[in-house]
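Enquirer: Sequence:
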Amino acid sequence: MSSSSVSVPRLVIAAPSSGSGKTTVATGLMAAFAARGLAVSPHKVGPDYIDPGYHSLATGRVGRNLDAYLCGPELIGPLFAHGARGCDIAVVEGVMGLYDGAAGEGELASTAHVAKLLRAPVVLVVDASSQSRSVAALVHGFVSWDPEVRVGGVILNKVASDRHEELLREALESAGVPVLGVLRRAAQVDTPSRHLGLVPVAERREAAVEAVAAMAAQVAGGCDLDALEALARAAGPVPGGSAPWTPASPTPHPTRLEEKRGTDVVAVAGGPAFTFSYAEHAELLTAAGAEVVTFDPLRDEQLPEGTRGLVIGGGFPEVYASELSANEPLRKAVSELALSGAPVAAECAGLLYLCRELDGAPMCGVLDASARMSERLTLGYRDAVAVGDSSLAVAGTRMRGHEFHRTVVEPGAGAAPAWGVRAPARRVEGFVQQGVHASYLHTHWASQPDVARRFVERCRTS
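Heads up, the sequence shown is in the working numbering, so the first residue is 264 and it goes up one at a time.
For the record, the hints were derived by calculation from the structure and aren't laboratory data. Only a predicted model underlies this, so the values are computations on that prediction, with no experimental measurement involved. Backbone N, C-alpha and C define an ideal beta-carbon position, used for all residues, glycine too. Please note that the accuracy of each hint is not assured.
Per label pair, the in silico range of CB-to-CB distance [as the list claims (entries may be wrong)]: (1) E411 to V472: 36 to 42 Å; (2) S603 to A298: 45 to 51 Å; (3) G623 to A497: 55 to 61 Å; (4) D646 to G404: 30 to 36 Å.
Use the sequences and the hints to build the structure in full.
Expert: Dropping the structure here:
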């Protein structure tokens, strides 16, 4: 990789806490830079799938995640370089508060940790709605907490008036922290949320396009884009000088035949009900020799022609339970594929779809299990080990995952567990049944690329 690629200009958009306006600023900044003719590489710290969809609208490029827990700190630089290849600038939206990471793991997977791994300057978005001079003390604390984190300036959000802005600027001037933007309280962009966060782009595309345009206008009108771009260009090389991550195996599997490329179709569920997927998964499957074809379980009554394997990621099947249930031909096709022994990988929403029912609505019936909505939110990182051999992994394979759902699955009998979860509490989780691997855990296959290669190989041999 060339040094110019390693040195792509970059910014990390962070905040003292969730709800400060990071998504509005990061997405608006991406779109504003793109409107200037820059090729913008969008990134999101952490496991979140929804914000990258808005980032993609803003930039016209795939939104990518940088998660130091799921993938390990050593992959953050390479994954960033892979996504930013050929771009003029990169914008990285943080997660939670700047220093909030994986519970009990110190700084691991925090925005500050990723910023240090990338040696990227941080722009702190501060909700100033209920403070004036105190903003200087708040910002000073974040600036001085970790000297390895370079806070290059702040963007003040939810500012009430010209007088309020004047007071905030005076306070921050005395603290020696540049104000790179001011966004007024009355101009907040409407981005609707529900039980697991923002509504995904795929469910409100026309409105999402309008929202991103409004974010871009707000940021362009309230922020110093020249100063922000100059700060990004001062980032310097990414530490380590490592080459970009690549989905290609350095030593191809001996049974892989180039002439078979494209003959093994891996169907990947998409559409409004299944929006959670990391871009690297499809890239790994393609590199392993599969033809990846996306289908919509809400509308397509059959699996793509030639399907030899099926990947059903996360999303919101509970919102679309009646429509998914009404598509009986596809449910039958999924069941028949699974019963044939073909590899099926299902995560969270995919797990629910494979159950007998979801809140009383018939699903695919692949698993002897029933799913229902719950008032309890299950959320957090998990450290897991494969209990036995499956279409994804051999027994003993360690992977880290993330759970994020408000559902409960009540299992019947006949299936072995997929994972032994080692932290935060020891338990078994998920299902392995013939070629089916179904689990609540969202995993990032870049951390274990053999998962994709094993899956494709099973497509050929099942």
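Enquirer: Against the range 45 to 51 Å, how does the distance between the Cβ atoms of S603 and A298 compare: consistent or not?
Expert: Check passed, 50 Å falls within 45 to 51 Å.
Enquirer: Between D646 and G404, is the Cβ distance one that fits in 30 to 36 Å?
Expert: holds, 31 Å
Enquirer: Kindly confirm whether 36 to 42 Å is satisfied by the beta carbon distance between E411 and V472.
Expert: 38 Å Cβ-Cβ, so the 36 to 42 Å window holds.
Enquirer: Starting from the hint 55 to 61 Å, judge whether the C-beta atoms of G623 and A497 obey it.
Expert: Check passed, 57 Å falls within 55 to 61 Å.
Checked against the numbered hints given earlier, the structure satisfies every one of them.
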